[in-house]
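**Q** Here the protein sequences come in this chain order: X and S. FYI, the UniProt record's numbering numbers position 247 of the first sequence as 247, with every residue one higher than the one before it. FYI, the UniProt record's numbering numbers position 170 of the second sequence as 170, with every residue one higher than the one before it.
These are calculated hints, taken from the structure and not from any lab test. Incorrect hints may have been included.
Selected chain S positions facing chain X (Cβ under 7 Å, derived; list incomplete) [what the hints assert, rightly or not]: (1) Ala-137; (2) Gly-138; (3) Cys-142; (4) Ile-175; (5) Leu-177; (6) Leu-193; (7) Arg-197; (8) Ser-206; (9) Thr-210; (10) Ile-218; (11) Cys-241.
Below are the EDC-like pairs computed for lysine to aspartate or glutamate, each with C-alpha atoms no more than 20 Å apart in a straight line [unchecked claim]: (12) X:Lys-19 with S:Glu-214; (13) X:Lys-99 with S:Glu-151; (14) S:Lys-171 with X:Asp-32; (15) X:Lys-53 with S:Asp-223; (16) X:Lys-50 with S:Asp-273; (17) X:Lys-53 with S:Glu-122; (18) X:Lys-53 with S:Glu-214; (19) X:Lys-151 with X:Asp-162; (20) X:Lys-99 with S:Glu-246; (21) X:Lys-194 with S:Asp-110; (22) S:Lys-140 with X:Asp-32; (23) X:Lys-71 with S:Asp-190; (24) S:Lys-9 with X:Glu-183; (25) X:Lys-53 with S:Asp-54; (26) X:Lys-47 with S:Asp-110; (27) X:Lys-99 with S:Glu-122; (28) S:Lys-204 with X:Glu-74; (29) X:Lys-99 with S:Glu-239; (30) S:Lys-85 with S:Asp-110; (31) X:Lys-17 with S:Glu-214; (32) X:Lys-99 with S:Glu-86; (33) X:Lys-14 with S:Glu-214; (34) X:Lys-19 with S:Glu-216; (35) X:Lys-105 with S:Glu-151; (36) X:Lys-50 with S:Asp-190; (37) S:Lys-140 with S:Glu-173; (38) S:Lys-8 with X:Glu-169; (39) X:Lys-25 with S:Asp-74.
Quick caveat: nothing in here was measured; it's all calculated off a predicted structure. C-beta: ideal position from N, C-alpha, C; glycine also.
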Amino acid sequence: MDIVNEILEREQKKSDKYKPITVEKHLELEFDLGSLLASDTNDLDIKTLKTNKDSYLLALTRDNAQLLLNKVWELPTERIEEAIVVRLPQPTTILPRAKPVPVPKPLTKWQEFAKAKGINKKKKDKLQWDEQLQKWVPLYGFKKTAAEKEKNWLIEVPQNLDPMTDMYEKKAGEKSEKVAKNELQRLKNLARAKKVKIPRVGLPVTSDKASATQLSTAASVAKASTASLGKFQDKLPKEKEARGKGVHELIPGKERKRKAPIPTPAAEKEYNLNLLDNILSKRPKIDMDKAVAKSINEEEVKRSHEKKNMKPGLGKRKTQGKGNATNFSAKKPKAGKGKRAPNKKSTGRKRR
Amino acid sequence: MPVLQRIKKPTTRKGKKVLLSKEPKPIEGPKQSIFLQGRNPSERTRKLLKDIYDLKKPDAAYLSRKNDFVPFEDSSLIEKLCYKKEAALFGVGSHSKKRPHNIVLGRTFDYGILDMIELGTEEYKAMSEFHNIKVLAGSKPCLLFNGPAWELNQDLTRLKSLFSDFFHREKVETIRLQGLEHVLSFTATDDGLIYFRSYRISLKKSGQRTPRVELEEIGPSIDFKLRRTKLASDDLYKEACKIPREMKPIKKKNISRDAFGTKHGRIHMGKQDINRLQTRKMKGLKKTTEEKKKILLQKKKDKKAAKQKQHVEV
Numbered sequence: 001m002d003i004v005n006e007i008l009e010r011e012q013k014k015s016d017k018y019k020p021i022t023v024e025k026h027l028e029l030e031f032d033l034g035s036l037l038a039s040d041t042n043d044l045d046i047k048t049l050k051t052n053k054d055s056y057l058l059a060l061t062r063d064n065a066q067l068l069l070n071k072v073w074e075l076p077t078e079r080i081e082e083a084i085v086v087r088l089p090q091p092t093t094i095l096p097r098a099k100p101v102p103v104p105k106p107l108t109k110w111q112e113f114a115k116a117k118g119i120n121k122k123k124k125d126k127l128q129w130d131e132q133l134q135k136w137v138p139l140y141g142f143k144k145t146a147a148e149k150e151k152n153w154l155i156e157v158p159q160n161l162d163p164m165t166d167m168y169e170k171k172a173g174e175k176s177e178k179v180a181k182n183e184l185q186r187l188k189n190l191a192r193a194k195k196v197k198i199p200r201v202g203l204p205v206t207s208d209k210a211s212a213t214q215l216s217t218a219a220s221v222a223k224a225s226t227a228s229l230g231k232f233q234d235k236l237p238k239e240k241e242a243r244g245k246g247v248h249e250l251i252p253g254k255e256r257k258r259k260a261p262i263p264t265p266a267a268e269k270e271y272n273l274n275l276l277d278n279i280l281s282k283r284p285k286i287d288m289d290k291a292v293a294k295s296i297n298e299e300e301v302k303r304s305h306e307k308k309n310m311k312p313g314l315g316k317r318k319t320q321g322k323g324n325a326t327n328f329s330a331k332k333p334k335a336g337k338g339k340r341a342p343n344k345k346s347t348g349r350k351r352r
Numbered sequence: 001m002p003v004l005q006r007i008k009k010p011t012t013r014k015g016k017k018v019l020l021s022k023e024p025k026p027i028e029g030p031k032q033s034i035f036l037q038g039r040n041p042s043e044r045t046r047k048l049l050k051d052i053y054d055l056k057k058p059d060a061a062y063l064s065r066k067n068d069f070v071p072f073e074d075s076s077l078i079e080k081l082c083y084k085k086e087a088a089l090f091g092v093g094s095h096s097k098k099r100p101h102n103i104v105l106g107r108t109f110d111y112g113i114l115d116m117i118e119l120g121t122e123e124y125k126a127m128s129e130f131h132n133i134k135v136l137a138g139s140k141p142c143l144l145f146n147g148p149a150w151e152l153n154q155d156l157t158r159l160k161s162l163f164s165d166f167f168h169r170e171k172v173e174t175i176r177l178q179g180l181e182h183v184l185s186f187t188a189t190d191d192g193l194i195y196f197r198s199y200r201i202s203l204k205k206s207g208q209r210t211p212r213v214e215l216e217e218i219g220p221s222i223d224f225k226l227r228r229t230k231l232a233s234d235d236l237y238k239e240a241c242k243i244p245r246e247m248k249p250i251k252k253k254n255i256s257r258d259a260f261g262t263k264h265g266r267i268h269m270g271k272q273d274i275n276r277l278q279t280r281k282m283k284g285l286k287k288t289t290e291e292k293k294k295i296l297l298q299k300k301k302d303k304k305a306a307k308q309k310q311h312v313e314v
């Protein structure tokens, strides 16, 4: 009994030595342990606040801090690298963000296609085994061009091309075309994502006024946008045709004036010599077509004269009544026998 | 890597990284802050902002040049600077006869001003005036808001959120128990006075697992007086507080827990026709041809009987 009492007394003394960790409050505090925050809604003691500001605030803060830390100590502890840590819950105070929530970007044309087909991206390693060179070659980055140069120290000119073409230049040209196409497609994707309207040909209007060429392109495209592809649209007296890359695809009704291919030196030489021969030679040149047409014309003229000079007795005479309007026996004159231009004298083939 | 939607692609890799860091992210890091001087700053405001800057290092920038502007009238300078420094929080100090020792604390959203609150400093005791050991820089402080006024007054509610935004450092998942050593207390009275005090925690033995807390005042001791406010509209504030979908906790609807803590799940099944249930095939239980014939005959008889009954009733 005594021993028990003694032990109890000792424990009592021990705990008396220590200050209490409990705090009495009228209203419970609201805790947000995730952000180590506590709100005390109890009324403040204005009198003590006015008189002993600092000591009152110290005491108040100490009490609230004690309560907060009591709560924190109740949380489950873990041991991470020799330190005892406490896992905090999610914070309940919602603080505003610095930037708005990111909007999911619309997929590009390729991404939509890949999604529909189920194509996944395959990760490529930087180094690839090259059979020709028999070594590991980087696919991009450092030392890629050196490896490529080593591989293509010689490029053969294929049979169908002119033997004098510079294959390296051609390769560089193709690459720059690919880069330009890629850039164009990237910009188109960007325009689709930002919902900016872009004309099919040419650049979009940047300032509020379009330039003359842009307007003429727009007018030509609009003209060709009828059901008959602009064939029956009248042209203004001084309207100029729209020119530029890609415009003719949008105006399908138009016939393209094809530029004659540049003749080879041999062909040009032959042509020039023939021309000189024709001019300088003294031989009479016979234009067969003209001669044939002339003889045919002469024959026709002869025949017409013969017909005119025929005896009036011969041949069926038409009985001309007293201007009988309703003479149904009179035949309608057949079409297509008249001359286009009766006074025209020159004959022969029409020259272009 | 996310794609930048810009017409002109960044030429350098570093430039691209910088641009990507400016893009909005679903989970944001700690907010950066800038402190600058407005029109005619006083020594008190300068020291005060310097102290707050010390508390917020390294996520803060202190600009020493004097700028002749008034935040409440012209906020374009702040917006520009915040854009340059990628800062979401700002503090401006100024002094005039009408508003002595004035500081404006505010925050931005999407490079535009969200909230701006003007506080006047009545009393100020700098950190340097307290001659004792300070707290380790960068530690997450405990925030205490005393007084019922924080909930009752709408301006003070916003100010509470602004103060927690300013001083809470960043969101952490775990915290070292020994590392809880800084307390900031904000006490609001009914007449618009706000007492800001900063203490260092010392944990004493208490005979139990939870230690006894003792405080010692270290940092700045400021008595604020709430002056003008320019708060964001409710819509803008609501938009700023939107949580991205990735962060929203996914609720599973058919899981419940009972009093003992056992997890219960509900499975919803369609209607089942007992006669047509597919069970395991047991060859011995298969009906023989004679049995099948019997059943057929029985069915026919039943049908006839039913018909006759009908005739009779009719």
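**Q** Next, verify each hint and record whether it holds.
**A** Hint check:
With 7 Å as the threshold, the beta carbon of S:Ala-137 stays out of range of chain X, its nearest partner Cβ sitting at about 17 Å, so the hint is violated. Checking S:Gly-138 against chain X: minimum C-beta separation of about 14 Å lies over 7 Å; hint violated. Proximity of S:Cys-142 to chain X holds as hinted, the smallest CB-CB distance being about 5 Å (cut-off 7 Å). Nearest Cβ of chain X to the Cβ of S:Ile-175: about 6 Å, under the 7 Å cut. The hint holds.
For S:Leu-177, the shortest C-beta to C-beta distance to chain X is roughly 5 Å, which falls under 7 Å, so the interface hint holds. The criterion of a C-beta within 7 Å of any C-beta in chain X is not met by S:Leu-193, whose closest approach is roughly 9 Å, and the hint is violated. Interface restraint check: S:Arg-197 against chain X, minimum CB-CB distance 5 Å, threshold 7 Å, status holds. Restraint check, S:Ser-206 versus chain X: the minimum CB separation of about 5 Å is within 7 Å; hint holds.
At about 4 Å, the closest approach between the beta carbon of S:Thr-210 and any beta carbon in chain X falls short of 7 Å, and the interface hint on this residue holds. Interface hint at S:Ile-218: violated, since its Cβ lies 12 Å from the closest Cβ of chain X, which is beyond the 7 Å cut-off. Because the closest C-beta pair between S:Cys-241 and chain X is about 5 Å apart, less than 7 Å, the hint holds. Between X:Lys-19 and S:Glu-214 the CA atoms are separated by roughly 10 Å; this keeps the pair inside 20 Å, and the hint holds.
Distance check on the hinted pair: X:Lys-99 and S:Glu-151 sit about 27 Å apart at the alpha-carbon level, beyond 20 Å; violated. The straight-line distance between the Cα atoms of S:Lys-171 and X:Asp-32 is roughly 12 Å, inside the 20 Å bound, and the hint therefore holds. With a CA separation close to 11 Å, the supplied pair X:Lys-53 and S:Asp-223 stays within the 20 Å bound. Taking the CA atoms of X:Lys-50 and S:Asp-273, the gap is near 80 Å; set against the 20 Å cutoff, the hint is violated.
A threshold of 20 Å between alpha carbons decides the hint, and for X:Lys-53 with S:Glu-122 the separation of about 14 Å falls inside it, so the pair holds. Pair hint X:Lys-53 plus S:Glu-214 holds up; C-alpha atoms about 18 Å apart against a cutoff of 20 Å. Annotation: proposed proximity of X:Lys-151 to X:Asp-162 is violated, straight-line Cα distance about 23 Å (limit 20 Å). Proposed proximity of X:Lys-99 and S:Glu-246 is supported: the alpha carbons are some 16 Å apart, at most 20 Å.
Between X:Lys-194 and S:Asp-110 the alpha-carbon distance is near 19 Å, which keeps this suggested pair within the 20 Å criterion. Distance check on the hinted pair: S:Lys-140 and X:Asp-32 sit about 14 Å apart at the alpha-carbon level, within 20 Å; holds. Annotation: proposed proximity of X:Lys-71 to S:Asp-190 is violated, straight-line Cα distance about 29 Å (limit 20 Å). Distance check on the hinted pair: S:Lys-9 and X:Glu-183 sit about 10 Å apart at the alpha-carbon level, within 20 Å; holds.
The suggested pairing of X:Lys-53 with S:Asp-54 is violated, with an alpha-carbon distance near 25 Å, which exceeds 20 Å. Under the criterion of a C-alpha separation no larger than 20 Å, the hint pairing X:Lys-47 with S:Asp-110 is inconsistent with the structure, at around 45 Å. Simply put, X:Lys-99 and S:Glu-122 have alpha-carbon atoms about 34 Å apart, too far for the 20 Å limit, and the pair is violated. Among the hinted pairs, S:Lys-204 with X:Glu-74 is consistent with the structure: their alpha-carbon atoms are about 17 Å apart, no more than 20 Å.
Between X:Lys-99 and S:Glu-239, the direct Cα distance comes to roughly 10 Å. Compliance with the 20 Å bound is thereby established for this hinted pair. This hinted pair checks out: S:Lys-85 and S:Asp-110 have alpha carbons roughly 13 Å apart, not beyond 20 Å. At roughly 15 Å between alpha-carbon atoms, X:Lys-17 and S:Glu-214 fall within 20 Å of each other, so this suggested pair holds. Taken as a hint, the X:Lys-99 and S:Glu-86 pair is honoured in the structure, with Cα atoms around 10 Å apart against an allowance of 20 Å.
Distance check on the hinted pair: X:Lys-14 and S:Glu-214 sit about 19 Å apart at the alpha-carbon level, within 20 Å; holds. Our distance criterion of 20 Å between C-alpha atoms is met by X:Lys-19 and S:Glu-216, whose separation comes to about 17 Å. At roughly 40 Å between alpha-carbon atoms, X:Lys-105 and S:Glu-151 are farther apart than 20 Å, so this suggested pair is violated. Restraint check for X:Lys-50 and S:Asp-190: the C-alpha separation of about 13 Å stays at or below 20 Å, so the hint holds.
This hinted pair checks out: S:Lys-140 and S:Glu-173 have alpha carbons roughly 12 Å apart, not beyond 20 Å. Between S:Lys-8 and X:Glu-169 the CA atoms are separated by roughly 27 Å; this puts the pair beyond 20 Å, and the hint is violated. The straight-line distance between the Cα atoms of X:Lys-25 and S:Asp-74 is roughly 46 Å, outside the 20 Å bound, and the hint therefore fails.
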